[in-house]
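S.K.: Residue numbers (our numbering), protein chains in the order written: chain A, 1 to 319; chain B, 1001 to 1319.
Because the hints were derived from the structure by calculation, they are not lab data. Predicted model, so just to flag it, every value in this text is computed and none were measured. Backbone N, C-alpha and C fix where the C-beta goes; we use that ideal spot for every residue, glycine too. Hints are supplied without guarantee of correctness; some may be wrong.
Said to hold, decoys possible - What the simulated footprint calls covered on chain B by chain A, stretch by stretch (three residues with Cβ under 8 angstroms from a Cβ of chain A suffice, anywhere in the stretch; the number is not a length):
(1) 1141-1153
(2) 1170-1182
Claimed, not checked - Every beta carbon over 12 angstroms from chain A, so not counted as near; a handful from chain B, in silico:
(3) Arg1197
(4) Ser1210
(5) Gln1276
Number of protein chains: 2
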Amino acid sequence: MEQKNVIGIDIGGTTVKLAFVTYNGEIIHKWEIPTVSEGGPEKMVQDIATSIANEQRKLELSFDDFKGIGVGAPGYISLQEGIVYEAVNIGGWRDVPLSKLLGEATGYNVRIENDANLAALGEYWKGAGDKADNLLAYTLGTGVGGGIIANGELLHGANGTVAELGHMTVIAEGGRNCNCGRTGCLETEASATGIVRSAIDGIEKGRTTSLKAIYDENGKVSAKDVFEAAAEGDKLAEDVLDHVTTVLGLAISNMAIAINPSKIVIGGGVSKAGDQLLDPLRTKFDTYTLQRTGAAVEFVIASLGNDAGVIGAAYLALH
Amino acid sequence: MEQKNVIGIDIGGTTVKLAFVTYNGEIIHKWEIPTVSEGGPEKMVQDIATSIANEQRKLELSFDDFKGIGVGAPGYISLQEGIVYEAVNIGGWRDVPLSKLLGEATGYNVRIENDANLAALGEYWKGAGDKADNLLAYTLGTGVGGGIIANGELLHGANGTVAELGHMTVIAEGGRNCNCGRTGCLETEASATGIVRSAIDGIEKGRTTSLKAIYDENGKVSAKDVFEAAAEGDKLAEDVLDHVTTVLGLAISNMAIAINPSKIVIGGGVSKAGDQLLDPLRTKFDTYTLQRTGAAVEFVIASLGNDAGVIGAAYLALH
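This is chain A alone, in the form it adopts within the complex (with noise of 0.2 angstroms):
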């Protein structure tokens, strides 16, 4: 592998975080720009392309100390045609030719890939993962994403749905409305939002809890309450936790069982709960999986936090 440096892209919602990286995935430098959707892709890759050159200068590197460049956007992706075929989350984009008008832009190669994915392949290279050859990524934020990688590679699927893990669906009938449009999905159970829902339905219940309290002053209550009131002994956020982990170890299994990993990694902002979380999703996991694939896996916490995205990105650009 040439030893040179490569650009790690993560274009987000609200933010585009962009790093210089080395091809042993150090990061020399990294910064963010503002997300502006307005002006379309072209704009976007426009405001993307002079600020890397800008960063360039200031740091007094050149064209030719970097191999190419690694994208990853939230949506529907295809790394093989580079193209993005649906970002619902930064302007609505549709079969944008990413990888092609950010090369003519910049002048570099450019691969593109899923965000959750390459948040998985980061943590793979340099975060918790440990360059585990078989293992499962969950990210449990505002809502649930996933990547896998096997046989040592991260899986690309056939039209840039793969790893959807979040839409599993986990509740037959009945469950909550999902953004996708279906019901009884994953995320809609297990991100933060669905622990949240969880715990207001309890709420509504009539429930005691020490959450009403919280709820009545803010008008909302959060993930976090959750777990500090379930680690206080409130009954109603052991439930909700209870079922979090219930639903969350079953869809895991059923992953670990068709994955067979070494590795399980837990990121977002629900994984700060830490061994809270850990200790009753591996209790729940064990009794859903089989005893041979529950001996290989061990559970750990995502490591890199917000660089897991541009650190991934950098690999798929060496790749």
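Since the structure of chain A is already known, use the hints to place chain B on it.
M.R.: Chain B only, in chain A's frame:
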């Protein structure tokens, strides 16, 4: 790739299937020997080696006409280590270094994998899978087996339990007992055995059904009987098929959301029902999957029958 022949072997509970296969997947010659568990792995390996040498002599083929051997066996198998960790159906083998033993007995390089995985690989290479880079294969027989192709490769997993798709939990509570020691696995509902069990449950509950006469006369019904009764409008048989396709449709959709396949290959005895199975299965699948994921997928019936295993084993030996 070297244009040599290879030897594909599929070790089953009652017979060992063997074939001489060309580098492009054509079977030159195939034959079977009985599976004799008494005498342990060493004896079985010797039987296989002797049989191969005999058939080579008969066909006037020399040792050097073959590049190597691929072997499938039922159980938990590590390709990388060449070890059969556990194989209940062939004499309860445990930690057998099959690659090494058969390599020493034959002089060939030997690669081994789980038999259901190799059946998937066979269908991928020369069968209904049609070289789809992303493919799920289900074998609906006495149990439910599976294999996964992703990024154009058979997945191998961390410790020999990859693609154990029959053991995905589909009934979280109160499911039937499974041979694996847990309850509610897919194969307790969607195998031929599961279909028969559901039909008999209905008969024993006193439901009016044409299957009762068959059951009373023979003391049993078959999955084929259930499909035939359903085709003639028998309500219980229709309900059983509705249940099976619902459970299977949900399980497959959850896997498709992970792998994003373009082909889903259904094989095994139950697949002989053809469109009577695939049509309702497709409808249920579409209910539970992302629209875009569903749009990429074609369901097909496996086309290689009992040859899938030896052809997949040959592919493994070649690549």
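S.K.: None of the hints should be skipped; say for each whether it holds.
M.R.: Status of the hints after comparison with the structure:
By the rule of at least three residues with a Cβ nearer than 8 angstroms to a Cβ of chain A, the coverage given for the stretch 1141-1153 of chain B holds, with 5 such residues. Under the rule that three or more residues need a Cβ within less than 8 angstroms of chain A, the assignment of the stretch 1170-1182 of chain B holds, with 4 such residues. The beta carbon of B/Arg1197 sits about 20 angstroms from the closest Cβ of chain A, which is more than 12 angstroms, so the claim that it is off the interface holds. No beta-carbon of chain A is positioned within 12 angstroms of the beta-carbon of B/Ser1210; the least distance is around 29 angstroms.
For B/Gln1276, the requirement that its beta carbon stay farther than 12 angstroms from each beta carbon of chain A is met, with the minimum near 23 angstroms.
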